[in-house]
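The two chains are supplied separately, each in an independent frame; assemble them into the complex guided by the hints.
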Amino acid sequence: MSERAKHKISQFYRTHRRMPSYAELAKLLGYKSKNAAVKIARKLEDARILTRDSVGKLIPGKLFGDARVLGVVEAGFPSPAEEELVDTMSLDDYLIEHKEATYLLKVKGDSMIEAGIREGDMVLVERGRTARNNDIVIAEVDGGWTMKYFRKRGSEVWLEPANHTMKPIRPKEGLTIAAVVRAVIRKY
Amino acid sequence: MFFGGWQHASEKAILHIDGDSFFANCEIAVNPALKGRPVVTGRERGIASAMSYEAKKAGVTRGMVIGEVLKRCPTAVVLPSDYETYSLFSRRMYAIVRRYTSEVEEYSIDECFADITGLRRPLKMTYVEIAKRIQWELSRELGITFSVGLAPNKVLAKVASRRLKPEPGGFTVIHQRDIRAHLATLPVEKIWGIGSQASALLGKHGVYTAGAFAAKDQHWVQQHLAKPYQEIWRELNGEFIYALNQEEAHTYQSISKTKTFSPASTSPDVVYAQLAKNIANACIKARRHSLLARRVAFFLKTQEFTYHGYDLTLTHSAATPEAILALLRPAFHQVFQARTRYRATGVVLMDLTPSDIQQPDLFGGMVQVERMQRIYAGVDKMAEKYGKHAVLPGSALPAMQMKNSGRDPAHLARREGMRFRGETARQRIGVPLLGEVR
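Respectively, the protein sequence lines represent chains H and S. Using the working numbering, you'd call the opening residue of the first sequence number 11 and step up by one each time. Using the working numbering, you'd call the opening residue of the second sequence number 114 and step up by one each time.
Everything labelled a hint here was simulated from the structure, so no lab data went into it. The model shown is predicted, which means the values in this text are computed figures rather than measured ones. The reader is advised that the hints may include incorrect statements.
[What the hints assert, rightly or not] In silico BS3-like pairs for lysine-lysine, Cα to Cα no more than 30 angstroms straight-line:
1) H:Lys109 to S:Lys498
2) S:Lys148 to H:Lys118
3) H:Lys177 to S:Lys148
4) H:Lys18 to H:Lys72
Looking at chain S on its own, in the form it has when it is part of the complex (with noise of 0.2 angstroms):
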């Protein structure tokens, strides 16, 4: 019997799925009148968090700053992201690949690996069959498109599925005896796991492609290389050696909060006050969840309408305004400009996980943190008896005393301004919404 290239059963078949311009595609899922138009996500932040195969071939690159998006594409629809319905997408996505496999890894909001490996005789069905139904179940369902990678491993499964990127819908094999074939021209950066300085070193003796990489006898790699480069090495090589991780650790949803003032404003303090005011409402919120953020983006909206902001990483999640704004004051006063007029201040709080499946470290660093969110079990017992905003940070103070226009309605996902009777601001049906119908 002719197995496609898995000649043994013990052989691994990997699936690595990834959704193209997931956030974009969405979208356009969604709203029909987007469809073959540029479209670009990210309004809300002032930075391009997707984009579509468009918006991509006219130059538009993740992170561009909205200004610079419009100034390549100046057809591109640029919406703010509306992450309650990408989570629900995201997890559709799982869900239908589960109806096959139940060992899946949800890597990230749009990709994940799955393990097909000795489903053939149950599903009277090829690996390639296999992932080919998945694949089409997936776009007939969801209305988006994937890319699909079947290989012996998941380093490899990554190289097959974004083979034929930018181009949607790519599906590639990459089976044991053609390997060489796929790696050969790939630059070595490319692969998961290798980040620029790994790169560097591996260019440092010549190596350049992943083929070349791949071809380097293991005597080498032990010696010139840490263990986890080692470990890429054989699963270019063929080896099955990263197992599944099928862990439900992450939510993909985001918390965010944006607030225009008047009078607009030049001065330092107020501004940050607005912002620090947008993170104390974040983290209530976040806490109200039992969530802790890992990622934080604020930005400042001056009074021309441009944005200004900035990405930080903590060191540890939380859920503090404290914790975020340590780490927060410097980035700003490298964003504010002196004699600029702003409006308007946002924060979203990203790459949430429970709080209570915390790790501790090992330098110590948590105390700091656990002893805040402790300080404030107690911040939100008191709001619960005198108000939401019984206790806030000094630094949010002047923003009391001045008047919000509320949330700026340009940065309001369609979601949010359609509601149902019955529907909240807080609660809404987990069904993606279309939209209208006439």
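The shape of chain H in the complex, shown without the other chains (with noise of 0.2 angstroms):
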């Protein structure tokens, strides 16, 4: 009789996590009254099976056999989901790989509106990264930011514009490349 109570009892807790009442119980067994319900739980109770907590709920005692029983009840349920928790990261690190070298800038006109970047869009860079074919980049020049899609080929280097009415920027020095895009973010 209690080794089917008691197995009943596990599988209702691990469906709903937590003990049933007396009625739930009563329901479970197959029991009309409740009071039939009181005296198996009893019963387990005495055998060590069920405990009570500190306001006399029916708490699982050695249910889950011996090996268990100081886990479950000091602990609680490793649930999957908390489990699950440590391997998500916030937006932050998301967007931001390297923290300390993460600035911000804000978007001016429409020069790069073909990759889907808009005046007012917020742009996260990195400083100090090396600039690879295609990346779009943040450039120095005249004294202001630029942001371009940085080309290469062979030895020749220029920065072209995500807009079809404008030219690409072909500078006669040295291009000083300050940052490289690593995120565009737009909030509605």
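The structure is reproduced here in structure tokens:
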């Protein structure tokens, strides 16, 4: 009898993550009255399969076998959801890889409109990163920042806007690339 | 194996890392239009708080009144201080140094000490290589230069980092064996910790250079000098005495409140009331962040756009108008000139420390400060219920009936004028803004 009850209760616990009430216990075991459920609970309690917490509610005792008892009572069930939390990252972590080298810029104009970057957008850039072909970069031109595609063919480098009405910038003397674009953020 | 001067594994290797013209260079790092130009910060206070290498060459010095700055260097770009950005850069500086060692002393907003002793083997680099690597990462990621000194202790590391100044980006090593050569011609008052009194005393004994001081024998030093100077003497002789202080007690932000008022006034009571109101508001902000101020700067701006100001140090850190006004009143009357029309006042609270780590002092002056602090806890509760200026210092009252035209836009730091959707005057994203990009 108590084996069946134990099995039913642990099943209930696994699905609901709590102990059944006396009414639920009665239903679970096919009894008509709560009284019968109380009696079987007492029996299980005597056998230390169930125990009570400080306010007298039933909690699992040796319900799941000896080895797990302590863990279950003291720490609750390890829920799969809790384990997953460890593997999530904040938006900050996702957007910012190198914290100390990351800076913000505010987009003005529409020179990168065909790359989907609009006026008012927030751009996250990384300073000191080596620009690779086709990266979107921040360059220093005439005392201001400019954001363009970085193109490189052989020894030739130039900056290309993502706007067919504008011309590429071919630097006569060296090109100062200040940073490489890592993310674009737009809040509506 | 050759260790580059550090023969014994137990010998200390201490770095001093110092941001060159830090505030000015932070401004240049976020605004390329300023590159190569003489840049001066401190516009909101009317006093130069930092200047770029170019401005230094033109003769601008720290604490110079802005009018004088423009006389000496008419092409100077004078900017309001943007402490929000400076402290972001400062925190990044510490973080980059901590990639290499956890033993870092955050000495000030733009300087730190780092102990790299014993890192040669794990990093497979010499001390010089480690120091140069840190210096390189700092300038690559922050876009500003740092002067670095490497030596067997803090006093000598500080001598080393200053060695090539004002030239930016200097790197100097002081080995045990060539300490004497580095100190030979250095004026003794340039040593960290030796003030004007100590150098005057040393001068009386014919000691004018750090080298001459270091060469004195121990007996002489013990007879003539107090303990702190004996310690400096030992460090100058290559001993390691001063441990790194690794507590993070400071916040390097400041709180400033500036208001222009109309009509402009020649009345000392009216101008004082305006200043008192700014102080009350700055204190409200300090208490909201649970901070106490140790230094207070204030200024008065005339109709002719000239500034007159004063810098005060409180005996006890405080965040109540009473504590500040008591000290400020005499200074105000020194600065205020009759028959002059004033149009704005401003105040800056500096040297802020968290209010929960306040050190009690020996002489009980704290009791008074603490009592006011308790009263103001009640004042803040009333403000929550009845509005911001429910309780105000009486001297600020005349200012309540006057019209304020808000903060002077000329005092607005660049970051404050450039907000993203969702940012507010109080809260902005904690990443430095480089400005607009086309």
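Structure-based check of each hint:
About 40 angstroms separates the Cα atoms of Lys109 (chain H) and Lys498 (chain S), which puts this hinted pair outside 30 angstroms; it is violated. This hinted pair checks out: Lys148 (chain S) and Lys118 (chain H) have alpha carbons roughly 21 angstroms apart, not beyond 30 angstroms. Between Lys177 (chain H) and Lys148 (chain S), the direct Cα distance comes to roughly 26 angstroms. Compliance with the 30 angstroms bound is thereby established for this hinted pair. With a C-alpha separation of about 14 angstroms, the suggested pair Lys18 (chain H) and Lys72 (chain H) falls inside the 30 angstroms cut-off, and the hint holds.
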